[in-house]
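Residue numbers (our numbering), protein chains in the order written: chain A, 1 to 114; chain B, 1001 to 1203.
To give an idea of the chain B side of the interface with chain A (calculated C-beta under 8 Å), a few residues:
no. : residue
1   : ASP1006
2   : ILE1009
3   : ASP1032
4   : HIS1033
5   : CYS1036
6   : ILE1067
Keep in mind that the hints were calculated from the coordinates and are not lab data. Ideal Cβ positions, reconstructed from N, Cα and C, are used throughout, including at glycine.
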Amino acid sequence: MYSKELLKGTLTAIILKLLAEHDRMYGYQIAQKVKKLSDNKILIKEGSLYPALHKLKEDGLVSIETVNIGKRIRRYYSLTPKGEIAKNDKISEIEDFLATIMKVLSFKPLIQFA
Amino acid sequence: MSKLSDEQIEFIEQQVNNSQIESVELKEDLIDHFSCVIEEYMDQGRSFEDSYNKAYQIICPNGFDEIYKETLLLLTSKNIIVMKKSMYILGFIAAVLWTTSILFKLMHWPGAAALIILGAFMLIFVLLPIIALYFYKKEFSQYISYKLKYVFGFVGLGLFLTGIVGKIMHWPGWGIILVLSVVLINFGFLPFLFYRMYKKSVE
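The following block holds chain B by itself, in its conformation from the complex (with noise of 0.2 Å):
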């Protein structure tokens, strides 16, 4: 039975912690197997190179990233869940309320301006920073331009959707938020959003 030594067990470390697995038991999981395999490999004459090679055809030939990927969907799975209830709940919410406001403000009833503000609220600081989140637990990717995209892009809307409601509400200084916000989506979001876009069309 062949024995793999410290050098090799390096090398195979190296290779699963140069992947996205963030889950140091599922990497330690994937080093002891891959030593396995390659030992039952290098058994049959194999050199340790040609057994790793093999190895990773058979264990991950789409890469050690699809393997933290299913693990991480079948432990989010619950989580995932709630969050899509409470987001389909809350859009609701947030949408009657929105519908109902404008049409107080155009008919000018008492209580329009509660309305928008409440709606805006819903929108703004409940349903969207849900929204958020639920986009950046999904993806996966540590790629920092990933992550950057989310928090530049749901600010900029945020900031957006404040500028809007202070435009019709006459409020001070929503000129500024509605600039701000503009110039976050622009240099912020949309050059990652099409970078990011650009590199998967390119893979």
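Bound conformation, chain A alone (with noise of 0.2 Å):
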């Protein structure tokens, strides 16, 4: 598993792309998703999945739809038009921090001292 800091500036672009690519996600069909997209090495936290989702909520970027399962209310997320354009960026951003790093840590120097 990977460490909180590493995955904690691409929480929110994983779970737009998720909602992007199915219509509506309930919370812990979207930590399930992850942890099987990503042969169990993201396992994402409760303490992080849902303060994410409340705060897409509050910026416009997903739409919530309850339904009532029994006793049960489950919440089910969706993108909203404004999401759908977060997550272009989002994503162009991630990919192009992953390019650079990789360009930064397969650099190697012409002269090598032994």
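Please dock the two separately framed chains into a single complex, following the hints provided.
What follows is the structure, given as structure tokens:
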């Protein structure tokens, strides 16, 4: 599992991307999907997931639909048009960031001193 | 696939409702999330109690309130920045007013009284309430002793400062205001402050 610090900046992008690919998703479903897609390497903590989802709602990037399942209330999150734009921005920012990190990490000096 | 009974869901609801979480939306999210995780464990042959305890350990080992605090922090971070900015700007203006008014008073220059009153007004009616509100908002606790601490503390401090200004300006009644402020601070603020500090150290 990756460190919390590494994942911190990517959580919003991951959520937005998943919501863009699904009509609507609920919290547990998002966490499970990420776990599956990442071969159990990214385990989103509930303590990060729900604060992030509520912040996205506050910013108008996702909307919520509630469905009663017996005594339970399930809150489905889906992407708003504003969220769609934010998703594209976030993803291109991360792609650019990853490319830069790769460039920096794979940098080899021309002259190596033994 | 296991399905929780109504009683079991009520039990989870009760646990979440016993926390300090005020947001209904977050409560609904957590109850559903807990239910899903518990059902997954029950599918592996565990009992409900065992599954609940395991889910609690995994979802919020430090209590429900941690998730709530994190959520509040994310949602209010913008407001907190605005409040902090205004606190520092107003604090700077009040400090300049105070040093200038002391200089005017000591030099017996005209306008000293007006400056003192303006500085005091800024401090007591503008800066202090903003600082009070900031602390009040930052404190997520629902404990009444926490909230009372701030109410008594800031009202007491405001009265204390008014009393001091009254003394400098030779206003009538400053003595009563000072006594009242010390009574509020000693019996309203300090007991709560020390009680909460003691509680915190024991926790």
